[in-house]
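Chemist: Sequence:
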Amino acid sequence: MSDNPFFDKYAEGYAKSVSHAKGADLDLLMSIIPDGLNNCLDVATGTGFTAAALSQKCRRVIAIDETENMINKARDLMKDRGIKNVEFIKTQFESYETDIKFDAITIRRALHHFNDKSAFFNKASKLIAENGTIAIADMVSPEDDDEDNFNMLERIRDPTHVGALKISEYRKLAELHGLKILSMNTTIEELTFEKWLYPVPKDSEAGKKCLSFLNGLTSDQLRRIRFDPEKMVLRKERLIIALTKADQPKI
0 MSDNPFFDKY AEGYAKSVSH AKGADLDLLM SIIPDGLNNC LDVATGTGFT
50 AAALSQKCRR VIAIDETENM INKARDLMKD RGIKNVEFIK TQFESYETDI
100 KFDAITIRRA LHHFNDKSAF FNKASKLIAE NGTIAIADMV SPEDDDEDNF
150 NMLERIRDPT HVGALKISEY RKLAELHGLK ILSMNTTIEE LTFEKWLYPV
200 PKDSEAGKKC LSFLNGLTSD QLRRIRFDPE KMVLRKERLI IALTKADQPK
250 I
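Heads up, the sequence shown is in numbering that gives the first Met the number 0, so the first residue is 0 and it goes up one at a time.
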């Protein structure tokens with residue numbers, strides 16, 4: 000299995016990201032996870048900030064990621080914090096196999112990289128224990144962005160970005176896979192153009208292409224993707240959603 004080239008290149012930057020280490024979405028994500036759990040799974044763990052937080056609520060955390068460089072940074076984080084109950088496995092979620100039924104499954108700022116979102120929901124619903132919690136935090140695409148400019152911009156910055164879901168699409172996928180929504184919260188993070196690009200440099204080819212793309216949008220298109228061209232600020236909305244098993248799935 001090959002490493003994700005984008006995250007292999009920028010692992011150091013993500014390890015130093017204050018937003019990833021202390022973002023409001025991390026606090027909200029942890030607030031919906033009960034204490035005193037036995038087995039938890041952190042999907043696409045990246046540099047390990049979510050797994051580290053989850054380790055305080057769970058006896059055993061399995062953290063998976065497809066990129067070795069990200070896992071190495073996550074291991075460094077656990078060592079620095081003295082955390083010893085997190086195990087790392089290099090694998091994609093799609094190919095991960097286990098007999099464990101998890102009390103909680105978390106995925107933070109990563110679902111937009113999945114090619115098949117429905118397959119993620121399907122597999123998570125099978126790996127979660129009865130009364131377990133699937134907790135997701137991710138950017139959401141604006142409901143009225145019919146031209147998908149939001150995701151097009153994100154893909155210019157990061158070619159491994161597949162697409163962020165709309166909140167309405169989360170509702171549909173939950174129902175489709177027999178999952179009940181326990182809670183839904185959103186956060187808004189105002190980011191300057193440079194902070195939104197991070198860790199991609201502004202003067203890089205990708206940075207210049209992002210700026211060119213924004214300059215080509217109309218004022219209405221910019222409004223729909225929550226970008227203020229005068230202040231050069233993007234308002235990134237994230238959804239934090241908790242799910243559990245409900246009735247039989249509809250597929």
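No wet-lab data here; the hints were simulated from the structure.
Keep in mind that a hint or two might mislead.
To be verified - Mimicking DSBU-like on lysine-lysine, the simulated pairs with C-alpha atoms at most 35 Å apart in a straight line are:
1) K21 with K78
2) K125 with K207
3) K78 with K230
4) K179 with K116
5) K116 with K194
6) K21 with K194
7) K116 with K201
8) K244 with K230
9) K89 with K230
10) K122 with K244
11) K56 with K83
What the hints assert, rightly or not - Ranges of calculated distance between the beta carbons of each label pair, as one might list FRET restraints:
12) T217 with S94: 24 to 34 Å
13) T185 with K83: 14 to 24 Å
14) G215 with K83: 16 to 26 Å
Positions of the beta carbon are idealized from the N, C-alpha and C atoms, including for glycine.
Chemist: Looking back at the numbered hints, which does the structure fail to meet, lowest number first?
Modeler: 2, 3, 8, 9, 12, 13 and 14
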